[in-house]
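**Q** Here is how the chains run, residue by residue.
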Amino acid sequence: NAGVTQTPKFQVLKTGQSMTLQCAQDMNHEYMSWYRQDPGMGLRLIHYSVGAGITDQGEVPNGYNVSRSTTEDFPLRLLSAAPSQTSVYFCASKGTSGTRGIYNEQFFGPGTRLTVL
Amino acid sequence: ELKVEQNPLFLSMQEGKNYTIYCNYSTTSDRLYWYRQDPGKSLESLFVLLSNGAVKQEGRLMASLDTKARLSTLHITAAVHDLSATYFCAVSLYNQGGKLIFGQGTELSVKP
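Residue numbers (my numbering), protein chains in the order written: chain A, 52 to 168; chain B, 628 to 739.
These are computed hints drawn from the structure, not numbers from a lab.
Possibly wrong hints are sitting among the right ones.
Claimed, not checked - Cut-off 27 angstroms, straight-line C-alpha distance, at most; resulting in silico cross-link-like pairs (DSSO-like, lysine-lysine):
no. : chain 1 : residue 1 : chain 2 : residue 2
1   : A       : Lys60     : B       : Lys668
2   : B       : Lys683    : B       : Lys695
3   : B       : Lys630    : B       : Lys668
4   : B       : Lys738    : B       : Lys695
5   : B       : Lys738    : B       : Lys644
6   : B       : Lys695    : A       : Lys65
Full structure from sequences and hints, please.
**A** In structure tokens:
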């Protein structure tokens with residue numbers, strides 16, 4: 052299993068540009084989430100999903116959109132990038148008691164380092 | 628609103644010494660996680676604590692959970708340089724398994 056994968060690893064945008072951060076998992080996990088990490092603030096939840104077609108907002112959703120059309124993929128869209136969105140973005144997934152694997156664990160991807168100029 | 632607070636935020640230790648990191652949370656939770664993060668890397672899962680009184684140990688690290696006090700501790704025994712990293716606790720709400728609220732992190736530096 053590849054686990055949780057994220058692309059790209061690094062990205063530089065100009066203010067106002069749009070882009071999509073990709074996240075995929077091959078563990079058949081129902082739960083998927085996006086977090087951003089800023090210095091001194093830990094990780095903050097942006098959006099999460101409890102299954103295909105179901106998403107909800109986290110602590111800091113403004114400026115970000117998500118959709119979940121398949122169990123495997125959970126892309127994060129920045130419609131009009133702002134310097135305040137400069138951060139490291141982590142995608143995570145977690146199974147439920149009905150799936151194989153360690154269902155209590157939440158697994159994190161390698162991260163995407165985004166800079167908005 | 629669920630809040631998670633860690634202390635200390637910075638910890639400089641000498642090798643061979645013991646210390647404890649504290650994680651307090653503000654409302655009822657069903658799971659508490661401890662993660663380790665090395666600079667520039669992702670989060671590595673250390674422990675998942677599910678119930679009151681749970682204690683888990685791995686090497687020089689031991690985590691415990693007191694749900695009545697809403698407190699978890701990560702105890703470091705006889706620290707070694709390889710333990711230098713940032714440690715996070717995170718809490719999930721009941722029946723919201725994919726939604727974690729993180730503490731600010733504790734940056735641990737172990738010096739010879």
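**Q** Checking each numbered hint in turn, tell me which of them this model violates, lowest number first.
**A** Numbers 4 and 6 - these are the hints that the structure violates, sorted from lowest upward.
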